[in-house]
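Trainee: Could you build all of it, start to finish, from the sequences and the hints given here?
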Amino acid sequence: MRVDPGFRIACRFSRVCYVIPALYRLRMGKNGYACMRVMIALLLSISLCGCAAPFKRVERVPLRGIDAQDARSRFAQSLPAEFEIINSTVLAYYHWKVSCVGPLSIDTAARSFTLAGLNHMGVKLFDLGLEKGVVQVRYVFPEFARHGDFAGAVCEDIRRIYFDRVPGPESAPVRRSRAVVFRGPFNGGLLEHVFAGREPRLVEKNFYMKGRKLWSVSYYEYFAKDGTVFPAGIVLRNYRYKYRLEIRLKEIRDYE
Amino acid sequence: MSSRAQPRNRNPLLLRIVSSSAFGLFAMTFQAHAGGDAVDPVPILARIEERMSGIKTISASFTQEKNLTMFLRPVTMTGRIYISKPQSFSWTVDSPVRYRMSIVGDLMKQWDEDANQVQQFSLSRNPGFSPVIGQMRIWFSGVYTPLLEEYTVSVIAAQPAVLEFVPLKESPAASLLRFVRVSFEDGEHYLKEISIGEVNGDTSVIAFSSVVLNVPIDPAAWEAIPDEG
Numbered sequence: 303m304r305v306d307p308g309f310r311i312a313c314r315f316s317r318v319c320y321v322i323p324a325l326y327r328l329r330m331g332k333n334g335y336a337c338m339r340v341m342i343a344l345l346l347s348i349s350l351c352g353c354a355a356p357f358k359r360v361e362r363v364p365l366r367g368i369d370a371q372d373a374r375s376r377f378a379q380s381l382p383a384e385f386e387i388i389n390s391t392v393l394a395y396y397h398w399k400v401s402c403v404g405p406l407s408i409d410t411a412a413r414s415f416t417l418a419g420l421n422h423m424g425v426k427l428f429d430l431g432l433e434k435g436v437v438q439v440r441y442v443f444p445e446f447a448r449h450g451d452f453a454g455a456v457c458e459d460i461r462r463i464y465f466d467r468v469p470g471p472e473s474a475p476v477r478r479s480r481a482v483v484f485r486g487p488f489n490g491g492l493l494e495h496v497f498a499g500r501e502p503r504l505v506e507k508n509f510y511m512k513g514r515k516l517w518s519v520s521y522y523e524y525f526a527k528d529g530t531v532f533p534a535g536i537v538l539r540n541y542r543y544k545y546r547l548e549i550r551l552k553e554i555r556d557y558e
Numbered sequence: 047m048s049s050r051a052q053p054r055n056r057n058p059l060l061l062r063i064v065s066s067s068a069f070g071l072f073a074m075t076f077q078a079h080a081g082g083d084a085v086d087p088v089p090i091l092a093r094i095e096e097r098m099s100g101i102k103t104i105s106a107s108f109t110q111e112k113n114l115t116m117f118l119r120p121v122t123m124t125g126r127i128y129i130s131k132p133q134s135f136s137w138t139v140d141s142p143v144r145y146r147m148s149i150v151g152d153l154m155k156q157w158d159e160d161a162n163q164v165q166q167f168s169l170s171r172n173p174g175f176s177p178v179i180g181q182m183r184i185w186f187s188g189v190y191t192p193l194l195e196e197y198t199v200s201v202i203a204a205q206p207a208v209l210e211f212v213p214l215k216e217s218p219a220a221s222l223l224r225f226v227r228v229s230f231e232d233g234e235h236y237l238k239e240i241s242i243g244e245v246n247g248d249t250s251v252i253a254f255s256s257v258v259l260n261v262p263i264d265p266a267a268w269e270a271i272p273d274e275g
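As they're listed, the protein sequences go chains A and B. Per our numbering, the first sequence runs over residues 303 to 558. Per our numbering, the second sequence runs over residues 47 to 275.
Treat the hints loosely; a few may be bogus.
Derived lysine-lysine pairs resembling DSSO-like cross-links, with alpha carbons at most 30 Å apart [what the hints assert, rightly or not]: (1) LYS544/A <-> LYS215/B; (2) LYS155/B <-> LYS399/A; (3) LYS544/A <-> LYS434/A; (4) LYS358/A <-> LYS515/A; (5) LYS552/A <-> LYS155/B.
Honestly, the hints are just simulated from the structure, not real lab data. Quick caveat, the model's predicted, so the values are computed rather than measured.
Mentor: Okay, here's the thing in structure tokens:
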């Protein structure tokens with residue numbers, strides 16, 4: 303049975319029950335401490351449970367004997383250069399969520415893509431593209447266009463997710479027991495690639511600026527199709543603006 | 047002066063008959079293409095309204111194909127629609143994502159399996175939803191005569207009717223739509239297909255099947271979260 307990580311954390315922190323009575327110089331018997339610990343665990347569980355990712359994490363196995371550079375090049379060869387997919391995306395901002403579904407066509411070598419988002423009744427919410435580094439805005443739902451540079455933000459997130467999934471030559475490997483980590487300079491900060499699993503694949507990409515993590519992308523549930531691999535689930539977390547994207551792969555199409 | 051004599055018509059009457067027929071055929075062809083015999087849509091709209099007025103509930107499956115200008119292949123959504131006139135409407139999507147939007151009176155609820163969050167809105171307090179919701183209600187209502195104030199209506203086929211609605215320049219729909227073409231089933235009791243052309247070049251075609259009329263709708267159809275079955 304898989305135990306919710308929130309519940310595990312809650313149980314660990316319930317030990318604070320020993321501190322609270324000491325602070326207030328209260329005398330409590332064994333039963334008293336036990337009751338307090340259960341109450342604290344329950345309260346923390348309610349708030350922490352469900353914060354886990356909506357996808358199955360890759361099993362972290364020991365990676366002794368895995369050559370980091372070999373892992374990098376194998377992963378690079380397994381990625382499709384061009385592909386067209388249909389994703390379902392949930393934007394979560396605190397307790398507020400917005401969903402959309404739509405096609406994404408990417409050429410990773412040319413660093414270009416075309417993207418459309420529809421609501422579930424087929425109403426188009428946005429129609430964007432990136433060509434030679436320039437954001438193409440064909441349509442943005444008026445309500446979204448009122449909130450800053452929506453098109454720019456969406457395109458930037460697509461870049462973070464689907465480009466630079468292979469560490470560059472300037473990235474150096476850092477050995478961990480259950481992961482292969484590469485770190486290297488990127489856009490004025492530090493980009494970290496974390497590979498894990500039996501066939502080490504990219505599970506995390508983290509970007510730091512001045513020691514602070516600004517965003518991360520987590521990749522889940524890889525599967526193979528026609529000799530290339532796709533993650534069935536992706537979560538992008540933007541720590542600066544405190545939002546999260548949960549992306550579910552619904553369909554892979556032939557790229558044309 | 048020419049030394050050569052002008053040839054004479056051997057059969058002037060036959061020539062006139064052939065010429066007249068050719069001209070008539072040409073004129074008929076031209077008239078058909080130019081819509082010279084345009085069918086008056088008003089009686090057809092009245093006929094459809096009368097036939098659809100007896101329909102109080104509709105349950106149907108749908109397949110929606112959204113053709114986006116930047117993509118070669120459409121995005122396809124399938125699901126079911128439930129209508130209980132005058133105020134209940136439910137749009138349930140089964141693929142590619144399970145989703146439901148239900149409207150009962152002024153209250154709209156929506157849910158999808160990925161966000162897994164029920165959102166509720168008052169339609170009167172959130173006018174932003176009105177254009178889309180209003181469009182859906184119009185085309186399923188069967189009450190089309192009032193649309194003559196906002197659209198020009200052309201009759202593509204008279205029986206069963208296929209009608210094309212083009213919004214007038216000053217109408218609110220003109221900012222979103224190029225045309226809406228509705229096709230009715232043989233008895234003209236419900237829509238068979240609706241095609242929507244948008245100003246941005248996209249088109250949507252929604253085809254309905256497995257239609258059930260005037261059978262009480264399971265109250266579960268108005269629940270925010272659809273059954274998985």
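Trainee: LYS544/A and LYS434/A were given as a pair; does the straight-line alpha-carbon distance stay at or below 30 Å?
Mentor: Holds, at about 29 Å.
Trainee: Check the hint pairing LYS552/A with LYS155/B against an upper bound of 30 Å on the C-alpha distance.
Mentor: Between LYS552/A and LYS155/B the Cα gap is close to 24 Å, so the pair holds against 30 Å.
Trainee: Is it true that the CA of LYS155/B sits at most 30 Å from the CA of LYS399/A?
Mentor: 14 Å, holds
Trainee: Mind checking the alpha carbons of LYS358/A and LYS515/A for me, to see if they're no more than 30 Å apart?
Mentor: This hinted pair holds, its Cα atoms lying about 23 Å apart.
Trainee: Hinted pair, alpha-carbon criterion (30 Å max): LYS544/A, LYS215/B. Please report holds or violated.
Mentor: Not satisfied, since the Cα-Cα distance of roughly 43 Å exceeds 30 Å.
The earlier numbered hint that this structure contradicts is number 1, and it is the only one.
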